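K.L.:
As a plain string of letters, each chain reads:
Number of protein chains: 2
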Amino acid sequence: MSKPYVLGVDIGGTNTVFGIVDARGQVIASDSIKTQKHTNFDDYIAELHDGVMRLLNAHDAEDKIHGIGIGAPNGNYYTGEIQNPPNLPWGPIVPLAEKVSKAFGGVPVAVTNDANAAALGEMTYGAARGMKDFIMITLGTGVGSGIVVNGQLVYGHDGFAGELGHITVKRNNGRICGCGRTGCLEAYCSATGVARTAREFLEIRTEPSILRNLQIEDITSKDVYDAAVAGDKLAKEIFDYTGTILGQAFADMVAFSSPQAIILFGGLAKSGELLMRPLKESFEKSLFPIYRGKTKILLSELKESDAAVLGASALGWEAKYRYEGV
Amino acid sequence: MSKPYVLGVDIGGTNTVFGIVDARGQVIASDSIKTQKHTNFDDYIAELHDGVMRLLNAHDAEDKIHGIGIGAPNGNYYTGEIQNPPNLPWGPIVPLAEKVSKAFGGVPVAVTNDANAAALGEMTYGAARGMKDFIMITLGTGVGSGIVVNGQLVYGHDGFAGELGHITVKRNNGRICGCGRTGCLEAYCSATGVARTAREFLEIRTEPSILRNLQIEDITSKDVYDAAVAGDKLAKEIFDYTGTILGQAFADMVAFSSPQAIILFGGLAKSGELLMRPLKESFEKSLFPIYRGKTKILLSELKESDAAVLGASALGWEAKYRYEGV
Chain A
1 MSKPYVLGVD IGGTNTVFGI VDARGQVIAS DSIKTQKHTN FDDYIAELHD GVMRLLNAHD
61 AEDKIHGIGI GAPNGNYYTG EIQNPPNLPW GPIVPLAEKV SKAFGGVPVA VTNDANAAAL
121 GEMTYGAARG MKDFIMITLG TGVGSGIVVN GQLVYGHDGF AGELGHITVK RNNGRICGCG
181 RTGCLEAYCS ATGVARTARE FLEIRTEPSI LRNLQIEDIT SKDVYDAAVA GDKLAKEIFD
241 YTGTILGQAF ADMVAFSSPQ AIILFGGLAK SGELLMRPLK ESFEKSLFPI YRGKTKILLS
301 ELKESDAAVL GASALGWEAK YRYEGV
Chain B
1 MSKPYVLGVD IGGTNTVFGI VDARGQVIAS DSIKTQKHTN FDDYIAELHD GVMRLLNAHD
61 AEDKIHGIGI GAPNGNYYTG EIQNPPNLPW GPIVPLAEKV SKAFGGVPVA VTNDANAAAL
121 GEMTYGAARG MKDFIMITLG TGVGSGIVVN GQLVYGHDGF AGELGHITVK RNNGRICGCG
181 RTGCLEAYCS ATGVARTARE FLEIRTEPSI LRNLQIEDIT SKDVYDAAVA GDKLAKEIFD
241 YTGTILGQAF ADMVAFSSPQ AIILFGGLAK SGELLMRPLK ESFEKSLFPI YRGKTKILLS
301 ELKESDAAVL GASALGWEAK YRYEGV
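If you read the protein sequences in the order shown, they are chains A and B.
Mapping to full-length UniProt numbering: the first sequence position 100 is 100, numbers consecutive.
Mapping to full-length UniProt numbering: the second sequence position 265 is 265, numbers consecutive.
Excised from the complex, chain A in its bound form (with noise of 0.2 Å):
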């Protein structure tokens, strides 16, 4: 193969990792820069492809890369922009393909968003290797989502399909989401929701805890982690209620596409047994009947430095877009 390598990027808020990975999935080498540092886009692209050259020269890779794939946030797949992100400094519409794909001499460039792009990397290199049908989920910060049926991730009519953390699991009473509406699962099952849980149960509830040792409105996922592997009782509840309201979600997301797994990534997904059995029960007992059984509950096997990277690159295979102007 005369181009045996792709290029896979993933634009977070605070950083841009970029890696050239090969046909089996091997990261070859990866660096970064800082997201942020560019209000200007142009300068942004400047300084990314300066940090990729320098990689692909130290590898004698300049020639070698069949293509480029790209995880950003809010990044449209048809258009090849990031669209309204929350949190990048570059304006609403970034073209975001056209203006790689121009600072590469036209390589080839596809554009998704981040958890599309750790739907691809578990496809193709992970625990979804042989999966038509499956759901990704990524607990983080917040709750993302890529949907795989039938072997193609499922962009929708406008290139956004794939919300999962946007759906209602409260609808009366929910709390605030960060999208401006009410009862998200975002704002129950991710980390800031988890750290939310303590801070009301620990206001509405009188019992001992460990969190009451620390400053409430300073709460973590992770205190909550520590102290209920640390035997707290209060901690283990919390991740009982977010375990049961992520199971009862998932079950309403088998309704829609019967996956064959659903698939868990991102820092809350590592709580082990303290959210896998509260989920997997009430996940169980949700399902319309004929789903029992059926979908497992799996977690990511891609290596988490490398998975952003891997996932994106997994993207470059099959990229199309290339800039003509060259």
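Calculated directly from the structure, the hints in this document are not laboratory data.
Mixed in with the good hints there might be a few duds.
Identical chains blur together in the list; that is why a pair holds if it fits in one copy or across any two.
What the hints assert, rightly or not - The calculated DSSO-like cross-link candidates involving lysine-lysine, where the alpha carbons are at most 27 Å apart (straight line), are:
#: 1; residue 1: Lys285; residue 2: Lys170
#: 2; residue 1: Lys296; residue 2: Lys170
#: 3; residue 1: Lys270; residue 2: Lys236
#: 4; residue 1: Lys320; residue 2: Lys132
#: 5; residue 1: Lys170; residue 2: Lys236
#: 6; residue 1: Lys280; residue 2: Lys170
#: 7; residue 1: Lys236; residue 2: Lys285
#: 8; residue 1: Lys3; residue 2: Lys102
#: 9; residue 1: Lys64; residue 2: Lys3
The structure displayed is predicted, hence computed values, not measured ones.
Keeping the supplied structure of chain A fixed, place chain B upon it in accordance with the hints.
P.N.:
Below, chain B without anything else, positioned relative to chain A:
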């Protein structure tokens, strides 16, 4: 084309309707038999075969059938079987595709469930022509759904995807559903759900209503419709309640597949603005911001008398299963 027709078969709880359909979606001729007359499945197939052959002979079409498409409750596209249907007399597993293909000398057969057949019909001949992403919702005795993503029906890993009538719309004190769970969409937004809402409202509330002239246990959704059309305030509120719940549920569906349209079919869908106004209001209000103003709510464009047969017949063009022992 040597075989210019397909046969569409719609197996309902009461009648089995079948029709000869041409490539433009014209129903050349149709007839029906009683579904429940024979408890022995082979006897049922023999009668279906006789009825179809009579129709084919009368239209000189015996050797002109490209394929047979069948919509049936719990029809499984992957296996060609009917699996655990709630209202059919032939036992838990019926090898429908095999028996039909055998009876018709090896003609290719494809099977799916009734709501998926309706979605296919709409995509091929109705309101979803040209759409690659849409959701078909049938509002009848129950609530059924057929989901199309990227131009393909969503079957899921087991063939049973798309039971959106059984997503949970009320988590606490939800109504008992026919599926054994509580709070399902179907328990609220089907014809029977509307009748249940009427009984609840009449019991809990004290306002006058012409519905109070009826035996409360006999009230149907048709009665509620007639009362609302006559200006009955309580009856209108029943439609407001139904439309509001339906709109909230639709907003969650959009977060999954971001469809171009949600298309309504079935008796309750013919309630006009009584249902559509509260439905659309609640839908837009409940949508995650990125989706607002993008997804249409439409009514089916298929003639109800032809719709089921047309939908099933659309599957006949791509039917692949063929009984080999003939």
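K.L.:
Between the shortest in-copy and the shortest cross-copy C-alpha distance, which are at most 27 Å for Lys270 and Lys236: within, between, both, or neither?
P.N.:
For Lys270 and Lys236, only the intra-copy Cα distance (15 Å) is at most 27 Å; the inter-copy one is 50 Å.
K.L.:
For Lys236 vs Lys285, is the C-alpha pair at or below 27 Å within one copy, between two copies, both, or neither?
P.N.:
Only inside one copy: Lys236 and Lys285 sit 20 Å apart there, 36 Å across copies, limit 27 Å.
K.L.:
With identical chains, the pair Lys285 and Lys170 could be close in the same copy or across copies; at 27 Å between alpha carbons, which is it: within, between, both, or neither?
P.N.:
both (18 Å within a copy, 16 Å between copies)
K.L.:
Classify it for me, Lys64 with Lys3: is the Cα-Cα distance of at most 27 Å met within a copy, between copies, both or neither?
P.N.:
within (4 Å within a copy, 51 Å between copies)
K.L.:
27 Å Cα cut-off: does Lys170 pair with Lys236 within a copy, between copies, both or neither?
P.N.:
both (21 Å within a copy, 26 Å between copies)
K.L.:
Within a copy, between copies, both or neither: where do Lys280 and Lys170 come within 27 Å Cα-Cα?
P.N.:
Both: 20 Å inside a chain and 21 Å across chains, each within 27 Å.
K.L.:
Taking 27 Å as the upper bound on the Cα-Cα distance, should Lys320 and Lys132 be classified as within, between, both, or neither?
P.N.:
both (22 Å within a copy, 20 Å between copies)
K.L.:
Are the CA atoms of Lys3 and Lys102 at most 27 Å apart within a copy, between copies, both, or neither?
P.N.:
Cα proximity of Lys3 and Lys102: one copy only (18 Å, versus 52 Å across).
K.L.:
How do Lys296 and Lys170 come out at 27 Å by Cα distance, when the copy is not named: within, between, both, or neither?
P.N.:
both (25 Å within a copy, 25 Å between copies)
Comparing the model with each numbered hint stated earlier shows that all of them hold.
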